[in-house]
Structures are given as C-alpha cells and as structure tokens.
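Colleague: Chain by chain, the residues run as shown.
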Amino acid sequence: MTDGRVCETPACNKSASLQCPTCLKNNLPPTFFCSQECFKSSWKDHKAVHKKAEKRDSDRYNPWPKYFFTGALRPFPVSPKREVPESIPRTDYADHPKGVPISEQKVRGSAYIKPLDDEEVEGMRVACRLGREVLEEAAAAVSVGTTTDHIDRIVHEACIERECYPSPLNYYQFPKSCCTSVNEVICHGIPDARPLQSGDICNVDVTVYHRGFHGDLNETYLVGEVSAEARDLVTVTWQCLQKAIDIVRPGEKYREIGNVVQKHASERGYSVVRSYCGHGIHRLFHCSPNVPHYARNKAAGVMRPGHCFTIEPMISQGTWRDEQWPDNWTAVTADGKLSAQFEHTLLVTETGVDVLTKREGTTLPRFLDSSS
Amino acid sequence: MSDEEDFVPDLVPAQYAPIPVLIITGCLGAGKTTLLNYILTEQHHKRIAVILNEFGEGSAMEKSLSIGEEGNMYEEWLELRNGCLCCSVKDNGVKAIENLMQKRGRFDYILLETTGLADPGPVASIFWLDKELGSDVYLDGIVTVVDAKNIVKTLDEATEEAMSEEPAEQSTLGTPARQVALADLLILNKTDLVTPAELDEIRSRLVAINGAAALLPTSRCRVDLDKILDLHAYEKVDFKSLEKQFTVPGGSHIDQSLGTVTLERPGSVRRRDLESFVHGLLWEKTVADRRGRPVHMLRMKGMASVVGEERRLILQAVGEICDTEFASRWEPDEPHVTRLIFIGRHLDESRLDEAFRSTVPVVSEHQSDAV
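Chains A and B, in that order, are what the protein sequence lines are. Here the first sequence is numbered in the working numbering, starting from 196 and rising by one per residue. Here the second sequence is numbered in the working numbering, starting from 402 and rising by one per residue.
Simulated from the structure, these hints should not be mistaken for laboratory data. Built from N, CA and C at the ideal position, the CB exists for glycine as well. There may be inaccurate statements among the hints.
Derived pair list, reagent style DSSO-like, types lysine-lysine, alpha-carbon separation capped at 27 Å [stated by the list, open to error]:
id	chain 1	residue 1	chain 2	residue 2
1	B	LYS686	A	LYS309
2	B	LYS554	B	LYS447
3	A	LYS242	B	LYS504
4	A	LYS209	B	LYS532
5	A	LYS239	A	LYS458
Examples of chain A residues lying across from chain B (beta carbon under 7 Å, computed) [stated by the list, open to error]:
id	residue
6	LEU213
7	GLY304
8	TYR489
Using the sequences and the hints given, assemble the complete structure.
Modeller: Here it is in structure tokens:
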C-alpha cells in the first residue's frame with residue numbers, strides 16, 4: 196500500500212521511507228525523512244520536538260502544570276465573557292449551552308455547495324465589508340505592550356457599532372470575539388492578558404455576522420522590530436494566499452488550491468499546516484466546501500459562480516504538524532517554531548473571483564503597506 | 402535528557418502501520434452485535450476496540466468504547482473535545498481515537514458499529530482520510546450484516562415508500578438499500594431461517610443492488626475471520642472476482658432503482674480524462690437516466706490503464722469523495738483494460754457508456770484488442 200510519506204524537511208517533498216529513531220523511541224508521532232543527509236541538514240530544527248519537559252515556573256500563571264509547551268508562548272488569564280446587546284441579531288449557537296450551531300449540524304457531511312443568489316451575494320458583500328472595517332480597527336491597535344485581550348475588546352465593540360454579532364463568540368463555546376494567534380500559535384489563539392512584545396508576529400482573525408451572513412478574514416501583523424526570518428515567513432504566507440486566489444474561477448477544482456499553496460510554500464522552504472482548512476461561508480459560519488491547503492488532497496467539488504468560501508493558508512517555519520493546548524482551542528506548531536496565516540472570503544463570479552474582504556483602496560496587506 | 406543533542410542518530414526504516422477501521426452496519430436485529438462478539442472472542446489475542454452508536458453526529462462530550470483484550474472486554478472513554486469542529490480536517494471522533502491510542506497504546510483493529518438506522522456513507526467519508534495527514538487509522542471497509550429472514554420485506558417496504566413520491570434529497574433514500582449498496586462485504590446472516598429457494602432470491606436482490614461486494618452466507622454470524630478483516634476496500638480493487646451486472650432496464654424499479662453497472666474498455670486512457678469523467682459524474686451530475694434523473698453515485702471502484710504508465714491506476718469513490726492512485730504493475734501478458742463499477746441510483750448503462758466514451762477516449766491500444 197503506498198503511503199504518501201513525504202520528507203519532514205520543510206522544502207524537501209521527496210518520498211520518505213526512513214524515520215527518526217528518537218521520535219519512535221520516545222513515543223512521539225513518527226517523523227519521516229528521505230535520506231540521512233537530509234535528516235542531518237534539518238537535525239538542528241528537528242531535535243526541538245524531542246525536548247523533554249522543562250522546569251516549571253511555579254510562581255507564574257500556569258493553568259496546565261503537566262502540559263509540555265512546544266514553544267516559548269504561555270497562556271495568560273482570560274477576561275470574563277463580553278456581552279452583545281439583544282438588539283443585534285444573534286446566531287443560533289450564541290445562546291446554545293454548548294455553543295453548538297444546529298444549522299451547521301443539519302448539513303454536516305453534505306458536500307453540496309450552495310450557489311448564492313443576487314440578494315445573498317449582496318448580504319455577503321456587506322458582511323465582508325464590515326468584517327474588514329472591524330479588522331482594520333483591531334490592526335490599528337496591534338503594537339508593543341497591547342494585550343490580545345485589548346484587541347478583542349476593540350473587535351467586540353467595533354462589531355457592536357456595526358450591528359454585527361462577533362461570530363467566534365460562543366461558537367462551540369469559544370470564549371472570545373476574535374482569535375489572536377501569536378508566534379508559534381497557528382490559529383484559534385484565545386485573546387488574553389499577555390502584552391505583545393517587540394519581535395512578535397500576531398494574527399488577528401475576525402468573523403462578523405450581519406443580517407444573516409458571515410464575513411471571515413484574517414491578517415498577520417508585525418509587532419515592533421521583527422526578525423528577517425519572521426518577516427519572510429509572513430511575506431511568503433501572504434503570497435501563498437494571493438497565488439491561490441489567482442486560480443479561483445468557475446470550473447476550477449477546490450482540491451487544486453492545496454497544490455498551489457504547497458508548491459509556493461515549499462519552494463520558499465516552508466511547510467503547510469494540514470489540520471485546518473478553508474471552508475464555505477454564507478448563512479453558516481462553516482459549511483461546504485472543505486478547502487485543504489496541502490497538496491494531493493481529496494476535496495470534493497468544482498467552483499461555480501455564486502460559491503462563497505475562504506482560503507486561509509497557515510504556513511510554518513518548521514514542521515507542518517500541529518498540537519493543541521489543553522484549552523481545546525489554541526493550535527501550536529509541534530516544534531514551537533513560527534506560523535503565519537492570511538485569509539479572505541471569496542466569491543466566485545462568472546469570470547473569476549471577487550475578494551469580498553479586500554482592503555479599501557489597496558491590494559497590499561497591512562504589514563506591507565507603509566502608509567498604514 | 403540534555404545535550405547529547407548534537408549527535409545525529411541514524412534513520413531507521415519507516416514503519417507506517419495505521420490501524421484498520423471497519424464499519425459494521427445493518428438493520429436492527431440483523432446480527433451486528435452477534436458478529437462483533439464473535440470477532441472479539443475469536444480474535445482474543447488481538448486488541449480490538451469496538452465503538453458503538455453514531456459517529457460524526459451530535460455534540461456528545463464522550464463516547465463509550467469497549468476494548469476486547471485477551472478475551473475480556475473493558476470500557477474506555479473517547480474524549481470528544483469540544484474544540485473547533487469547524488475548519489478541522491479530521492473529524493473530532495478520529496482525533497479522539499488517535500488521542501486514546503497515544504495514551505493507551507495501539508489497537509489491532511477498530512470496529513465501528515453504526516445503529517440500524519444509520520447511513521454508513523458519511524461515516525466512511527470521515528475515515529477515508531488523505532494520506533498526507535499521516536493518520537494512525539485508515540478505512541478498511543464497510544461490512545453490512547443482512548437479516549436473510551427479513552431483508553426482502555424490508556427492501557420492498559422501503560421501495561414502496563420511495564415510489565409514492567420521488568425523493569429529491571439523498572437523505573430520504575431507504576437506509577437498508579443504502580447499507581447494502583455501500584457494503585464492501587455483505588454478511589447474509591440467519592440463512593438457517595430461510596429455504597434454499599428464498600436464499601437464491603435474496604442473493605439476486607442483493608447482487609442487483611451491489612454487484613461489487615463479496616457475499617458471505619452464514620448463520621449466527623460465524624464467518625471465517627480472514628474474510629472480514631483486512632479488506633483494504635479503499636485501496637485495492639479486485640476485478641477478477643466481480644460478476645458483470647446490469648441495471649434493471651426501464652420501468653420496473655426494484656429497490657428504488659439502486660443498482661450496479663460495470664463498464665469495460667480495452668486500451669489506455671489519460672488519467673486526467675478519467676478524473677474529469679468521474680468528477681463530472683459525482684459533482685456536476687452530468688449524466689442522467691432515460692427519465693432525465695441525474696445519476697446519484699453511492700460507490701465507485703475502478704481500474705484503468707493509463708497511457709505511458711506501467712502500473713494500474715486504481716479509482717475509489719464513496720459519496721462525493723474520489724481518489725485515484727497508482728498500484729501494482731500490469732503483468733507482462735495481461736491485457737490492459739479499463740474497468741469501472743458503479744453503484745447508485747438512476748444508473749443507465751448506455752448513458753454512462755456514452756459519457757464514458759466521449760469524455761475518456763482511448764489514447765493508445767495494447768495487445769491486439771480492437772475497440
């Protein structure tokens with residue numbers, strides 16, 4: 196049985212039939228390499244996954260004393276739940292005790308991709324434009340010393356001002372109104388009391404629910420003085436998104452997105468996170484299609500005018516593997532190295548694509564835009 | 402262990418041994434539980450996990466899991482973390498199984514019993530993961546236990562109900578027929594309760610729906626376990642043992658027109674043409690029957706000869722998910738043939754053949770087979 200094993204070394208992609216004996220011995224997930232030479236060349240980075248539990252700082256806030264963190268980031272206290280005024284139309288999961296979106300559960304497993312009619316497209320345009328406005332407000336607050344909780348407050352209030360419900364709030368019990376993912380956090384970081392530090396990269400992921408439609412977008416921002424390596428990762432990640440958007444048009448297969456993203460990422464020496472993918476979005480926060488960002492995936496479906504979906508590649512410096520913190524949300528790289536992400540909500544048009552969550556007046560993301 | 406870290410160990414040969422997941426389905430009372438118990442007691446030297454009830458549904462925080470080990474069964478809990486189910490590529494349940502195995506050690510098999518009313522299709526899709534995900538589990542196949550005493554009546558009832566109004570959505574299809582259609586192996590149980598003549602009728606009904614599945618008659622589910630475990634139904638395709646089946650033509654729609662069609666063509670084709678044909682069938686609904694009803698494919702298997710390639714191309718599809726992959730080489734004197742088997746609703750052999758011929762031309766021929 197062929198097993199599709201590909202070398203762990205980020206840019207390699209060669210077929211791999213050898214594995215690291217230390218990972219095997221320590222009961223870590225098996226890691227595969229194409230040759231001893233390749234293994235040696237990435238040893239310095241790979242050995243990070245072997246590290247044993249380090250000394251614990253007993254006087255610091257540590258909600259999970261037994262958990263071995265893959266990187267330097269630590270959780271900080273999370274503030275109490277923010278409320279949304281009753282006057283703003285809520286999602287079905289907003290008031291569900293476990294945050295379950297019943298409407299999504301109903302169509303779970305269905306691969307049917309709904310083409311939106313003109314009215315629905317208009318609803319999406321508005322929601323996405325508002326989502327962009329909210330993200331821009333949050334972006335303006337990203338700076339050294341600001342806590343991610345403060346960014347969450349800005350997002351929360353910006354949503355309310357625009358008559359939007361912040362979609363992440365209570366979605367499967369997610370505690371906050373946006374996701375803030377710093378450094379080795381791949382996605383779904385929970386805003387907390389940690390102040391951003393110079394050198395951090397921070398992704399803010401906003402989704403708003405306005406008059407029945409969701410608009411979903413995110414950008415990675417550079418905090419203070421950022422290393423050249425970090426900047427390169429963020430740049431390549433943004434390029435991956437751009438290249439993927441470039442192929443969107445009626446008739447294109449959804450599975451092709453992953454081929455485009457992984458090709459560019461590996462050419463530049465990076466890996467593609469596999470556990471999380473893009474998704475259909477309209478009246479439901481997450482629905483068909485499923486859009487993996489890795490190559491050779493089995494995503495079903497072909498793009499048609501009226502389809503709305505996100506592309507949101509997560510690109511990592513080191514391994515593609517991810518792990519989850521005990522909060523059941525925060526996804527981190529298995530080796531503690533950096534990961535960046537960018538996301539747009541897209542509409543397939545008769546001739547190509549419309550980027551519904553685009554920035555006003557420029558095609559540049561904020562981190563490249565010197566006028567921001 | 403501190404800094405012996407600069408010493409680079411030698412790589413060892415990769416052992417990729419994911420664990421097979423077998424889905425066991427069938428109507429209430431058909432004998433699923435009997436089968437499970439039989440497997441657990443017969444395979445008492447293996448560590449087998451049995452998961453009962455629905456999978457991929459609901460928001461339960463935990464599912465109970467029974468593990469059979471050395472003849473005993475003990476309970477475990479699958480923690481279904483209430484994290485992000487949304488944009489996660491792996492189903493919560495799959496992750497829960499992987500986490501459990503990390504903590505408690507690997508299993509030799511995982512048997513997943515769905516309830517009598519369940520459609521095994523979505524569950525199969527959940528476990529048919531991309532290899533790139535490097536999962537610890539893989540989908541071995543679907544086994545449907547059929548109650549010989551009642552199956553004909555059950556199928557007739559479902560057909561009557563379906564005939565009264567034309568169902569638009571696949572969700573209203575009769576589950577018993579779907580369970581048969583999606584099976585890789587049919588265990589025809591309780592054969593001791595029917596006459597040989599009835600047994601023949603049952604066989605024909607089943608084979609008419611699903612011509613690709615192996616059929617094992619049994620009583621009390623005492624089957625040869627070599628025939629159930631390690632099916633690899635989503636990896637290999639064994640055409641030698643398949644019989645050619647035809648859909649029931651025209652008007653008499655037995656079993657809601659669920660049936661099997663096979664197509665065969667000597668010669669080699671281009672991989673992308675074949676994939677376009679399959680994607681069109683599955684996603685675009687490009688082919689319809691004589692009454693204009695689009696083909697609704699439940700399961701597909703195929704083997705193709707690809708131009709310029711010495712290995713066979715294997716095609717697998719369930720529901721809307723499909724995949725092609727190169728497998729073993731053609732034997733030196735083996736004729737290169739492309740064979741497809743379709744299981745679904747509204748299958749019209751001539752229409753399918755026409756679409757196949759026009760979308761997937763033979764590019765070059767091998768041997769002396771003329772078109």
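Colleague: Each hint should be assessed against the structure and marked as holding or not.
Modeller: Structure-based check of each hint:
Between the alpha carbons of LYS686 of chain B and LYS309 of chain A the distance comes to roughly 15 Å, so the proposed pair stays at or under 27 Å and holds. Taken as a hint, the LYS554 of chain B and LYS447 of chain B pair is broken in the structure, with Cα atoms around 38 Å apart against an allowance of 27 Å. Our distance criterion of 27 Å between C-alpha atoms is met by LYS242 of chain A and LYS504 of chain B, whose separation comes to about 22 Å. Pair hint LYS209 of chain A plus LYS532 of chain B holds up; C-alpha atoms about 15 Å apart against a cutoff of 27 Å.
Simply put, LYS239 of chain A and LYS458 of chain A have alpha-carbon atoms about 24 Å apart, close enough for the 27 Å limit, and the pair holds. With a cut of 7 Å, the hint placing LEU213 of chain A at the interface with chain B holds, because the nearest CB-to-CB distance is about 4 Å. Interface hint status for GLY304 of chain A: upheld, as the beta-carbon distance to the closest one in chain B is roughly 4 Å, under 7 Å. A distance limit of 7 Å between C-beta atoms decides the matter here; for TYR489 of chain A the minimum to chain B is near 5 Å, and the interface restraint holds.
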